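A.B. asks: Here are the chains, one letter per residue:
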Amino acid sequence: MSNKQKSLQSHPLAGWLMTAPALILIVLFLVGPFILAFGFSFTNQRLISPNPTQFVGLSNFEQLLGVGVLTLDPERDDAGQVVLDAEGQPSYPRLRDYTRNNPDYPQYDGMREWFSFSTGDARTYVLARDTVFMKALTNTLLFVIIVAPVQSGLALLLALMINQKLRGINVFRTIYFMPVVVSIVVVSLLWRFIYDGRNGLLNNLLEFLTFGHFQPIDWLGNPDTALFAIIGMSIWQAVGFHMVIWLSGLQTIPLTLYEAADIEGATPWQKFRFVTWPGLRNTAVLILVVITMQAFALFSQIDVMTNGGPLDSTQTLVFQAVVRGYEQQNIAGGSAISVILFLLVLSISLIQRYLTRERT
Amino acid sequence: MAGLSLSNLKKTYGKVEVIKDVDLEIGHGEFVVFVGPSGCGKSTLLRMIAGLEDITGGELRIGDKIVNQVQPRDRGVAMVFQSYALYPHMTVYDNVGFGLRLNKTPKDVRDRKIREAAQILQMEHLLDRKPAQLSGGQRQRVAIGRAIVRQPEVFLFDEPLSNLDAALRMDMRMEISKLHQELGATMIYVTHDQVEAMTLADKIVVLNAGVVQQVGSPLELYNRPANLFVAGFIGSPKMNMVEVSVETAGANAIDISGPAIGRLSLATEASGIVLGDKMTLGIRPHDFQQVPEGPFKGTVTLVEHLGNETMVSLKLANGEAMIAALDGDTTCAIGETVSLDFNRDKVHLFDSGGQRRG
Ligand SMILES: Nc1ncnc2c1ncn2[C@@H]1O[C@H](COP(=O)(O)OP(=O)(O)OP(=O)(O)O)[C@@H](O)[C@H]1O
Ligand SMILES: [Mg+2]
Chain F
1 MSNKQKSLQS HPLAGWLMTA PALILIVLFL VGPFILAFGF SFTNQRLISP NPTQFVGLSN
61 FEQLLGVGVL TLDPERDDAG QVVLDAEGQP SYPRLRDYTR NNPDYPQYDG MREWFSFSTG
121 DARTYVLARD TVFMKALTNT LLFVIIVAPV QSGLALLLAL MINQKLRGIN VFRTIYFMPV
181 VVSIVVVSLL WRFIYDGRNG LLNNLLEFLT FGHFQPIDWL GNPDTALFAI IGMSIWQAVG
241 FHMVIWLSGL QTIPLTLYEA ADIEGATPWQ KFRFVTWPGL RNTAVLILVV ITMQAFALFS
301 QIDVMTNGGP LDSTQTLVFQ AVVRGYEQQN IAGGSAISVI LFLLVLSISL IQRYLTRERT
Chain P
1 MAGLSLSNLK KTYGKVEVIK DVDLEIGHGE FVVFVGPSGC GKSTLLRMIA GLEDITGGEL
61 RIGDKIVNQV QPRDRGVAMV FQSYALYPHM TVYDNVGFGL RLNKTPKDVR DRKIREAAQI
121 LQMEHLLDRK PAQLSGGQRQ RVAIGRAIVR QPEVFLFDEP LSNLDAALRM DMRMEISKLH
181 QELGATMIYV THDQVEAMTL ADKIVVLNAG VVQQVGSPLE LYNRPANLFV AGFIGSPKMN
241 MVEVSVETAG ANAIDISGPA IGRLSLATEA SGIVLGDKMT LGIRPHDFQQ VPEGPFKGTV
301 TLVEHLGNET MVSLKLANGE AMIAALDGDT TCAIGETVSL DFNRDKVHLF DSGGQRRG
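Protein chains in written order, with this note's numbering: chain F, 1 to 360; chain P, 1 to 358.
In short, the hints are calculated from the structure, not lab data. Because the structure is a prediction, the values reported are computed rather than measured. Beta carbons are placed, not taken as given, at the ideal position from N, Cα and C, and that holds for glycine. One should not assume that every hint holds.
Stated by the list, open to error - Incomplete in silico selection of chain F near chain P, CB under 7 Å: (1) Glu-264; (2) Gly-265; (3) Pro-268; (4) Gly-309.
Go ahead and model the full structure; you've got the sequences and the hints to work with.
C.D. replies: See the structure below:
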């Protein structure tokens with residue numbers, strides 16, 4: 001009996017067999033889709049279509065990333081004076097005349113205004129072929145740029161406080177970690193109540209704190225606040241997770257290093273600066289990379305809370321990829337967004353690794 | 001000028017008393033060594049002096065200031081840890097200059113002091129390295145360097161050499177001794193190695209279970225151990241202990257007898273010793289000589305030739321074991337019977353409470 005078991009375990013295929021379930025799942029749901037997405041992004045594949053799929057080269061990417069810059073002079077009268085409109089603003093030729101079937105400007109055909117600014121009398125328009133994608137891209141970048149430092153910083157602060165040897169400190173540990181355990185969908189639903197425009201908890205709280213002077217805001221319904229509302233909630237939700245990672249990093253720093261610093265005369269700040277922070281280097285790199293990747297993948301909150309609205313103010317790359325691929329049945333377009341996202345995250349991770357590399 | 005004065009110092013962890021009423025005076029510039037078995041509270045006592053452990057009771061003075069509540073950085077002490085406690089991300093230069101950097105010493109002064117310290121410790125060529133690129137002995141030097149640049153009044157060492165090999169330990173021991181002479185600072189040194197204690201100390205403090213057993217110079221401790229614990233702890237190989245009972249007690253001499261030795265007469269001041277008392281006779285291995293006919297007779301169980309001397313282990317007739325350090329050219333073989341006598345002037349007598357008599 002035991003002999004037989006032994007021979008089975010030492011069979012050359014045994015190792016492969018045992019890893020097979022995991023390998024098959026990974027190939028099926030990670031590697032496969034990854035390769036497929038790369039492939040689709042160069043075609044015109046649709047979710048369901050009677051037409052055969054065709055290879056279209058880079059046109060999906062051109063469609064997404066196409067931008068142009070158009071500078072227009074204000075309209076002038078015969079004397080060369082700028083014509084002002086009723087509000088005293090100079091008026092410019094209509095953009096549509098340049099971007100719709102204008103044979104002189106084929107490069108702008110089909111583009112829309114992304115944003116514009118004035119230089120002197122002239123007005124410069126930045127045009128994009130896909131303004132929703134551009135909005136999603138900038139929103140995602142803004143989300144990452146705010147969430148990465150704030151969330152990691154807050155998590156470190158919590159970890160430093162939690163690392164104290166006080167009675168009952170475990171209670172706080174649990175409390176801070178709790179949101180991590182709850183599904184993000186549930187958390188998002190809860191926060192919809194908190195952000196509610198009429199009787200939301202946040203509005204009530206602010207009204208209470210300002211003795212009723214605060215005018216309630218529809219946090220998720222206002223294009224100026226929606227993205228920040230989601231940023232705030234996202235930071236709150238995952239901060240406990242990163243706190244635990246910081247905590248594990250803190251606990252690898254030998255106590256004698258602090259004792260030596262005490263004797264050498266270090267203030268609490270100097271201890272942090274010279275002992276704690278250098279000791280957390282590797283943890284910091286890990287946390288930065290993990291937070292960045294998680295932030296780029298922002299989806300569930302958007303899906304549950306705003307659906308990308310209002311006025312595309314909370315569009316994100318992953319949300320757009322899903323919307324295009326499934327709601328608009330444009331698998332090729334969705335795949336192209338995924339590929340762009342992949343390259344973006346990859347290059348940012350490489351840059352982070354380079355910047356935080358071990359210097360000798 | 002900083003001597004230390006410990007009075008009634010106590011430390012408890014919860015209900016466990018780790019340091020029990022320690023009284024100790026340490027003069028300025030003295031080299032004091034704390035020895036004792038593992039877990040006796042040496043490190044705890046040292047850390048209380050450094051300010052790393054709270055003092056539960058009693059009073060600690062450094063110089064003439066009570067420092068019970070003073071922060072470690074304000075006590076004017078430097079400490080060398082057993083684990084070195086070097087900062088892995090800093091170069092040797094920065095590690096040594098750490099304290100100076102913290103108290104914002106000007107750069108040129110700092111640089112001069114670091115290089116001075118490096119010169120004293122012969123590690124100028126190591127200044128650009130990180131601790132990971134150093135050997136154990138070199139790390140030890142850096143840790144000492146970090147302690148000396150600030151020119152503290154009191155140095156504390158917690159088993160600084162215990163991670164080093166025997167040869168290096170001897171070198172570093174001599175360097176520390178030299179350093180003490182050069183700096184003239186007060187040094188307190190914890191070790192469980194009695195060779196370190198004997199060679200380095202002006203004054204040895206023997207601790208057991210949080211209680212000071214004896215304080216004295218190395219030779220005092222060796223020649224006149226105050227109790228059985230110190231007698232057994234100081235000296236290598238260990239002192240031989242023989243149970244005896246008092247047969248006659250005169251004014252200047254007593255007769256003792258025991259199963260191992262028969263009956264013997266010793267010249268000693270016998271006040272307080274009465275007939276029938278159970279006592280312990282202590283004889284150091286080096287006080288034995290081989291004789292044709294002596295009070296100790298036993299079978300040889302082990303012979304170790306060390307060149308300058310020969311260690312002979314014996315088993316006496318009543319089964320007790322005994323070690324004698326005999327001449328280097330002693331020839332005897334396992335199983336042989338040898339007879340030993342001992343130097344009557346150098347015996348140690350302890351009463352049934354383990355305290356020294358006479
Ligand atoms: N934080 C603590 N809580 C409870 N007991 C402690 C604590 N620290 C030390 N002790 C106890 O105090 C006693 C003395 O410890 P200490 O570290 O001073 O011993 P030591 O003499 O330095 O021993 P060693 O030679 O092994 O280093 C030990 O019995 C130890 O178990
Ligand atoms: Mg110790």
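A.B. asks: Now, for every hint given, state plainly whether the structure supports it.
C.D. replies: Consistency of the hints with the structure:
1. Glu-264: 4 Å, holds
2. Gly-265: 4 Å, holds
3. Pro-268: 11 Å, violated
4. Gly-309: 48 Å, violated
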